[in-house]
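Asker: From first to last, the protein sequence lines stand for chains X and Y. For the first sequence, this note's numbering assigns the number 1 to the initial residue and increments by one for each residue that follows. For the second sequence, this note's numbering assigns the number 1 to the initial residue and increments by one for each residue that follows.
Worth double-checking, as some hints may not be accurate.
Taking lysine to any residue and the SDA-like style, the derived pairs with C-alpha atoms no more than 25 Å apart in a straight line are [claimed, not checked]: (1) Y:Lys69 <-> X:Thr132; (2) Y:Lys69 <-> X:Gln135; (3) X:Lys68 <-> Y:Lys69; (4) Y:Lys69 <-> X:Gly45; (5) Y:Lys84 <-> Y:Asn48.
Computed beta-carbon distance windows for the label pairs [claimed, not checked]: (6) X:Gly142 <-> Y:Val139: 54 to 64 Å; (7) Y:Gln98 <-> X:Thr124: 53 to 63 Å; (8) X:Ala54 <-> Y:Ala145: 29 to 39 Å; (9) Y:Thr100 <-> X:Gly32: 54 to 64 Å; (10) Y:Thr100 <-> X:Ser74: 53 to 63 Å; (11) Y:Gln98 <-> X:Gly103: 21 to 31 Å; (12) X:Thr40 <-> Y:Asn48: 52 to 62 Å; (13) X:Thr115 <-> Y:Thr91: 31 to 41 Å.
None of these hints come from the bench; they were simulated from the model. Predicted model, so just to flag it, every value in this text is computed and none were measured. Beta carbons are placed, not taken as given, at the ideal position from N, Cα and C, and that holds for glycine.
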Amino acid sequence: MSHTIMRSFAIFVILCSAGSLTQLRAQISVQGGNPLMSVTTGTAGAQPVSVTNAATSLRWRKQNVITKITVSTSCPGQRFTLTVLATNLTYGVAAPQVTLFNGMPATNFVLNIPTGNPVHKTCTLQYTASATFAQGNSAELGNDVHAITYTLVAQ
Amino acid sequence: MNGTARAQVYGTGGHTVTMQVSVITSVRVTVGSVNLNISSANVVAGQNQMSVTDQSTSLLWGTNSSLRKVSVSTSLAAPKFTLKLLALNPTVGNAAPQVTLSTSAQDLLLNIGRSSGSCTLLYTGIALVSQGTGNDVHVITFTVAAQ
Chain X
1 MSHTIMRSFA IFVILCSAGS LTQLRAQISV QGGNPLMSVT TGTAGAQPVS
51 VTNAATSLRW RKQNVITKIT VSTSCPGQRF TLTVLATNLT YGVAAPQVTL
101 FNGMPATNFV LNIPTGNPVH KTCTLQYTAS ATFAQGNSAE LGNDVHAITY
151 TLVAQ
Chain Y
1 MNGTARAQVY GTGGHTVTMQ VSVITSVRVT VGSVNLNISS ANVVAGQNQM
51 SVTDQSTSLL WGTNSSLRKV SVSTSLAAPK FTLKLLALNP TVGNAAPQVT
101 LSTSAQDLLL NIGRSSGSCT LLYTGIALVS QGTGNDVHVI TFTVAAQ
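The shape of chain Y in the complex, shown without the other chains (with noise of 0.2 Å):
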């Protein structure tokens, strides 16, 4: 005799509950404009280049698909000045080399996919003594794309 006792049932019922998850995507930078100030400062006698590097925001992202990479361009298309970027430290995936930023989207982080994370986007504004003064405005596109 199995010695388990079996409560009474009165009775079952149901029904079906379907759940569905779309393709999300996801990305933003932390607050604020980044400015890049090359002054006398940056001068080193002797040599042509200066360059000045920012670090203070990071960019954040989510997405549930797979194979995926982020990359980024900016709307201006003549700069008077080099402005690149690298992502440091991503979270999820790998930081592709610095790139110097153009209308064309280039990759800044690879193998994302399906994943939430975060990285530093440390900027190198570069200017030659030659090319004067002036200000470059850009506005960068971060994107998450297929890989």
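So that you can see chain X by itself, here it is in the shape it has in the complex (with noise of 0.2 Å):
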């Protein structure tokens, strides 16, 4: 008997933690999958030509208290540059243009989020990849892999 009792127990607080996990989720997630970014040209005595990509969001809940959302990269032997910045945001203020660099703390990215409707609100994610000519190339020194975290954290 107890040990059915116990049993359940563990059960509902499995159940409680996946659900507060996937709740965590789903406040706030990206939308348009993996980009991957080329640089493939480049100006005789100047600079490799950057490029840009527009084509992910971030979607997220509206909470209680004024919220803002911060940005974080993992990138292990990063070569080059990588930039964000949030566009078409109709709810909160961008914050300047972020350079992604592996194990930077967590920046600021949207500040000022409002408590008011609607309930899902939305940027684009403008990256802009970048690269000297003293940086190499991919061919030799390998792509650079960002695992690219966006926090929607209490202002």
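Starting from the two chains in their separate frames, assemble the complex, guided by the hints.
Answerer: Following this line, the structure appears as structure tokens:
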């Protein structure tokens, strides 16, 4: 009898934890997949031409307090330069363009997100990839793979 | 008790962004053709050889590959006169010794790998009095190549 109660309690705790995790993830998410950005041209006497990608977006739920979104990345062995800027933002204020570097602290991305409706708010993720000639190429050095995290926190 | 206050986290989301940089090589010469004109002003009494120089053009390059050099060649297989070239004041790398241009590629600059730079092109046209008159028209090609 007591075993049955304990087992039920354990299952309940696991379900609650899974539910909280799901809820945490549901509060903010990236839409549009995982972009591949390729720098392919350059100018003699200058530098390679940077490329921009605005094909993905960020979607998050309103909260009961004013919130902000931070961004960070993990990119071991990073060689090149990647920045991100929030555009097409209708609620909150975009922080200045953020340069993403491996091991960076969580850095402000969107500030002053109000508490009111709509329930879901969005912005476009505008990434810019750039490199110098001196930084080399992926054939010799490999690609930069950024695992980028956006976090919705109370401001 | 830790005095640092942590802000309430409501959720996290993320994705992967992959950045790829192709092998990029670019080389160009600043505008304009070069005219080397040997005239009576270049004649020195008692000497057979006459010469004239020009350094009005520059070479610019960019390469993100390691161990690279710049070589130079001309389209003119049988020139009547002699045309020589030297890279002056390269911002990156080392100038090779002055080359006499031929259809075979010859080193102009060494050790320019993974750089963006420039140098002045110093052309020297040489003619002998005994060679008479005429024109040589060179189409000159600069190539960034593996060293």
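Asker: Checked against the structure, which of the hints given earlier come out wrong?
Answerer: 3, 6, 11, 13
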